[in-house]
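Each chain, written out:
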Amino acid sequence: MIRFEPRSNPGPFLTYGVPVIAAGIAILLAAIPLALANAPIIKAYGLMISGAFGSVFSISEMLTRATPLILTGLAAAIAFRAKLWNIGAEGQLYMGAMAAVAVGAGVIDGPSWVMIPVVMIAGALAGALMLIGPTLMKTRLGVDEVVTTLLLNFIVLLFVQMMLEGALKDPMSMGWPQSEPIIDSAVFPPLLERMRVHLGLVIALMCAIALAIFVKRTVWGFEIRAVGENAAAAKFSGISVTKTMILVAALSGGLAGLAGVSEVAGTRGYLATDLSPGYGYAGIVVAMLARLSPIGVIASALFVASVFVGADSMSRAIGVSSYLADLIVAMALLCVLIGGFLTRFKVHFERKSAG
Amino acid sequence: MSSAAHTSPKTSQDLLLSLAGITKKFGPLIANDAIDLTVHRGEIVALLGENGAGKTTLMNILFGHYIADEGTVSVANQNGELELLEPGAPQAALDAGIGMVHQHFTLAENLTGLDNIILGTEPIFRLRRDRTKARAKLNDLMARSGLSVDLDQPVHKLTVGEKQRVEILKALYRDARLLVLDEPTAVLTPQEAESMFATLRKLAASGLSVIIIAHKLAEVLAVSHRIAVLRGGKKVGEMTTSDADHRSIAELMVGHEVPVSRRTARAPGNPVISLIDVTIDRGDSRRSLHGVNITAHEGEILGIAGVSGNGQAALAQLIAGLDKPDFGTVEIFGKKITKFDAHQFAQNGIARIPEDRHHDGMVGSMTVAENIAIEDVRSPEYQKLGFLDFDAIRKRAEHAITDYDVRCPGPDAPARLLSGGNIQKLILARVLEKSPKLILANQPSRGLDVGAQSEVHRRLLEARQAGAAVILISEDLDELLTISDQIAVIHAGHITSSMATETIDRSELGLMMAGQKKHAHADTTKNAGETA
Chain D
193 MIRFEPRSNP GPFLTYGVPV IAAGIAILLA AIPLALANAP IIKAYGLMIS GAFGSVFSIS
253 EMLTRATPLI LTGLAAAIAF RAKLWNIGAE GQLYMGAMAA VAVGAGVIDG PSWVMIPVVM
313 IAGALAGALM LIGPTLMKTR LGVDEVVTTL LLNFIVLLFV QMMLEGALKD PMSMGWPQSE
373 PIIDSAVFPP LLERMRVHLG LVIALMCAIA LAIFVKRTVW GFEIRAVGEN AAAAKFSGIS
433 VTKTMILVAA LSGGLAGLAG VSEVAGTRGY LATDLSPGYG YAGIVVAMLA RLSPIGVIAS
493 ALFVASVFVG ADSMSRAIGV SSYLADLIVA MALLCVLIGG FLTRFKVHFE RKSAG
Chain R
227 MSSAAHTSPK TSQDLLLSLA GITKKFGPLI ANDAIDLTVH RGEIVALLGE NGAGKTTLMN
287 ILFGHYIADE GTVSVANQNG ELELLEPGAP QAALDAGIGM VHQHFTLAEN LTGLDNIILG
347 TEPIFRLRRD RTKARAKLND LMARSGLSVD LDQPVHKLTV GEKQRVEILK ALYRDARLLV
407 LDEPTAVLTP QEAESMFATL RKLAASGLSV IIIAHKLAEV LAVSHRIAVL RGGKKVGEMT
467 TSDADHRSIA ELMVGHEVPV SRRTARAPGN PVISLIDVTI DRGDSRRSLH GVNITAHEGE
527 ILGIAGVSGN GQAALAQLIA GLDKPDFGTV EIFGKKITKF DAHQFAQNGI ARIPEDRHHD
587 GMVGSMTVAE NIAIEDVRSP EYQKLGFLDF DAIRKRAEHA ITDYDVRCPG PDAPARLLSG
647 GNIQKLILAR VLEKSPKLIL ANQPSRGLDV GAQSEVHRRL LEARQAGAAV ILISEDLDEL
707 LTISDQIAVI HAGHITSSMA TETIDRSELG LMMAGQKKHA HADTTKNAGE TA
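These protein sequences, in sequence, are chains D and R.
In terms of the numbering used here, the first sequence opens at residue 193 and continues consecutively.
In terms of the numbering used here, the second sequence opens at residue 227 and continues consecutively.
This is chain D alone, in the form it adopts within the complex:
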């Protein structure tokens, strides 16, 4: 018979060590599909590591990939903290990107120190509004936000497609459904010469630190934690659950919107329907790996990004499908969930007496 006994107070090793060990186990488990694909396992691992960390270029690529993941990871982390199940970061990301293009592709002009904040604010606002709607429907009418935010992703993507075929279409694109490029002064400058890693990374890191302080040290963070952990008690104590939820929605949607801005202004330069390979959804995994800790999101986004970039480069070299990356990330998530369970409970194996 297996018995689970809750631990009263998990120590720092369990809190911080378990996710790292879980990630390591997930990478080791990747040997199984590699072996099934008849790939040289040691070489494959080597290629993955060098693909993610082997050169300044590969590190820059990894960091470029990590940038939107940090932002969508934060979006999921803050929402899940308040038990607002925002599955719509993908849609919020596209709305943010579209807003950035709408104001940043030549409608207004100005120096960088004006234009960069302008596109950021526009994108964050658009993302925030995308989530405030479903949140109001949840608090006022009891509509399940998992359904509304998830389905809005598809609506937004179709809407973006429509706009790219119409109002936002670049006349110079030779028929490709893409927007006009944003003007140079709104572009996020690269952090290293001739590399893709850009200002967005700095912004994402600052967001993570700011969010950590916000959650831990401010009145609003206090209220978000209270509502998330026990909404009934929060309500009884006089905290407005609706207002807190709307604040969380604005933060979460805004961060996801910023991810879209960062991709448009930092990586791509214009909006197209393939802007995000699912960063919104991957953000959920990032947040779960980080156990919803804003600082942890940085680490887990770097992990997920390096797995993706490393597996990409490995698959090019030895012809194993890069879906392996998804597999590793998924296994890491499972390992962390199991690890999290083991952190909270002690497991006792008991031999049941016969009878």
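Just so you know, the hints here were simulated from the structure itself, not pulled from any lab data.
It is possible that some hints are incorrect.
Said to hold, decoys possible - Have a look at the derived ranges for each label pair, beta carbon to beta carbon: (1) D:Pro469 / R:Leu337: 29 to 35 Å; (2) R:Lys565 / D:Ser377: 46 to 52 Å; (3) D:Ala227 / R:Gly458: 58 to 64 Å; (4) D:Gly470 / R:Gln379: 52 to 58 Å; (5) D:Thr207 / R:Lys565: 39 to 45 Å; (6) R:Phe613 / D:Asp518: 37 to 43 Å; (7) D:Ala402 / R:Gln317: 58 to 64 Å; (8) D:Val394 / R:Thr628: 46 to 52 Å; (9) D:Ala359 / R:Phe613: 39 to 45 Å; (10) D:Ala227 / R:Phe351: 58 to 64 Å; (11) D:Val394 / R:Asp617: 28 to 34 Å; (12) R:Leu367 / D:Phe537: 40 to 46 Å; (13) R:Glu296 / D:Leu221: 42 to 48 Å.
The beta carbon of each residue, even a glycine, is placed where N, CA and C say it ideally should be.
Knowing the structure of chain D, use the given hints to seat chain R on it.
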């Protein structure tokens, strides 16, 4: 009550159950320390003790849920000879005729009483259901014991008292020779409890043995033959009920003298809160109030007596600022309240003690300090420009922990580590520290042990002495009669006008709680004529 009940048959041949030297350790904690307990045939034994005294552990060992580290459990077989019971085997305990009635019923609400009783006794694979034999056996049981229930009603249509009868029948149907009842009166009106005790006495007279786990002393004195008291895992006393008195048992349980909560005379002052013709209609009687008129004055404890689920929740929600009346007005210090908002209520000197302290009273993963400050984090005392002042929050918590004797590892420990009594102290510290003018205490001592209960009462009386008005919603008549100045009865969303506690007759109160009698004391109340 009946003096005949106190004479118990006691010869060694009559021994039914013998627990000998039971010891059970959980790590460093000794939950049971060499406990001996015997039960004779036809005897009612009361097992008394505070929370954590080891009652539940002992019963779990009896039922085979735990295996004792030392000691043995023996049950008499059909020939009256004691036989060792196999440890750690619940089925063996059932086969030996040990039946349990839990405090929280284990009935399937959508099945009938009959289905619930038979459930688990029939083979899973069978061609047809033969209920005639079961029904005949149950009819016979009901006739002999006086436990009458309509067995064809789905359980959710039964009253709490009837559900309990189904639970007892379920145990008897399985040929229980020893019935263990865990806090059986917690959910009953005094009349229901009285009739349950009458049944138990009848069953005991016909040879059934009973163990009652209880903390309400008066009831135990009325029904049991013998009392065993546990404290800190040890059996600290055992006596025949006829030799016992209320105070000595209480002291045995707590281990020191129990301060008696007593009101000192105090003239009530001005009205603090008045509900005038308040109606809240939420469709179901648990959450509705109908034309309620009550007033609580300064320096007065207004008790609201009633069986759970009669509108107490609606009243509490209203006074806590979580709901607003559909009709009627609420006045606080003569001013009509237009905005019902929990935050404002708390800030304006209304102390609110929630009914479910785990669910509504604290955020388990947040710290003790944060839970104490939770109502006030927006006030400038605890934040600057939105940033929390953790020093101020911790300082307040440290004061509260000492002043209210909250047992916890420290202000930074997560609140979920606290026991029920300490959570209640935490809540008292949160709301009473601000010298409130009005206190809503909803079941403030439910589930607490004697020591914590008397602490809650002392604090409420202290606040009353300082001039606060207290609205005390409770199902515990002893509590109400001890500390209230005025008592009103709530039934099906109606509240009678209040009566001075001194003029109240206990059994009449019970009838009013059951809705059988409407407020006979209209002439003795000061709010005469307000309510019909």
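Hint check results:
{"no.": "1", "hint": "D:Pro469 / R:Leu337: 29 to 35 Å", "result": "53 Å, violated"}
{"no.": "2", "hint": "R:Lys565 / D:Ser377: 46 to 52 Å", "result": "49 Å, holds"}
{"no.": "3", "hint": "D:Ala227 / R:Gly458: 58 to 64 Å", "result": "59 Å, holds"}
{"no.": "4", "hint": "D:Gly470 / R:Gln379: 52 to 58 Å", "result": "55 Å, holds"}
{"no.": "5", "hint": "D:Thr207 / R:Lys565: 39 to 45 Å", "result": "43 Å, holds"}
{"no.": "6", "hint": "R:Phe613 / D:Asp518: 37 to 43 Å", "result": "41 Å, holds"}
{"no.": "7", "hint": "D:Ala402 / R:Gln317: 58 to 64 Å", "result": "60 Å, holds"}
{"no.": "8", "hint": "D:Val394 / R:Thr628: 46 to 52 Å", "result": "47 Å, holds"}
{"no.": "9", "hint": "D:Ala359 / R:Phe613: 39 to 45 Å", "result": "44 Å, holds"}
{"no.": "10", "hint": "D:Ala227 / R:Phe351: 58 to 64 Å", "result": "46 Å, violated"}
{"no.": "11", "hint": "D:Val394 / R:Asp617: 28 to 34 Å", "result": "33 Å, holds"}
{"no.": "12", "hint": "R:Leu367 / D:Phe537: 40 to 46 Å", "result": "43 Å, holds"}
{"no.": "13", "hint": "R:Glu296 / D:Leu221: 42 to 48 Å", "result": "46 Å, holds"}
The structure fails to meet hints 1 and 10 from the earlier list, while all remaining hints are met.
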